[in-house]
Each structure stands twice: as C-alpha cells, then as structure tokens.
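**Q** Use the sequences and the hints to build the structure in full.
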Amino acid sequence: MNYLILIPLSISLILSPPDARADPTFWQNLYKKNGLYFEKSVDKPFNGYVTGSQEGMLINGKKDGLWSGFYENGNLLWKGEYKEGKIISWKEFHSNGEIFVTGDYKNGEKSGVWRIFDKKGTLIAKELFENGKIIDTTIIK
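Last residue of the sequence shown: 169 in the working numbering, with the numbers rising by one and none dropped.
It cannot be assumed that every hint is accurate.
Straight-line Cα separation of at most 20 Å, SDA-like style, residue types lysine to any residue; simulated pairs [unchecked claim]: (1) Lys111 to Gly93; (2) Lys114 to Trp95; (3) Lys147 to Asn124; (4) Lys169 to Ala153; (5) Lys119 to Gln82; (6) Lys90 to Thr79; (7) Lys134 to Leu151.
Hints in this document: simulated from the structure, not taken from any laboratory.
**A** Here you go:
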C-alpha cells in the first residue's frame, strides 16, 4: 500500500523542472538577461513559479504556460500563454474587468485577427495582422 503513494511522488519529482522551487518567487526579485530571467545574485536561469505584479511559471528562465499581469489595485490587466518564452496568445482587460483586446501571436509577432472592445465589452474594431504588421482594420459601429 505504501508503494502506491511513492509512485505518484516519484513521477512528480522526475517531471518537475530542474531546481524548481515549491515557494513562489516575487516577479520584482527577477531580472532579464539575454532573453532569460534570473533571480538576483544567482547565475542559473530561474525555474519555478513567480508571483507579484506578474504570475506564472518560468522554466529554464523562460515564461511557459499561462501568465497573468495585474493592475496596482490587484485587478487582472492581462493574460498570456507562452511556450518556451514565446508568446502564443494575449488577452488584455480594461480596469473595470471587461475585455479590451484579444489576439494571437505567431513566431513572436501579432498574427491573424485581433479584436478590440470598449469598456462595456462591446466589440468596436478588428485588426488583421500578418508577420506582425497590421494589414487591415475594421471599425464596428
């Protein structure tokens, strides 16, 4: 019976990133160098959960998975999805919590249709991006 408990524990230890920490580190205690995040006074790229004005996971010094950023009052400002340090999708929010902008990235640049909303959550514009450049804008009345 005790062996059944050890199996999941062993698997989680094997799958966790090297040097991952159980306790979160504050975003303000990190710095960026050559595209990687480091904890102050540590030479290796940071691995672990980060909290504070931005929250998410760093693996080998790169943002990975879902990240969130916050207004000073604690309200959600943005959500982004990252893979190996590259942004994949983005949602930004007005200070009242309503969605402001949504869109995707390809190879680190804005791609496809981005949608813009007013403070009431009503769609007011669409922008079409290709290779990070805007190629069309549609204003919705």
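**Q** What hint numbers does the structure not satisfy?
**A** 7
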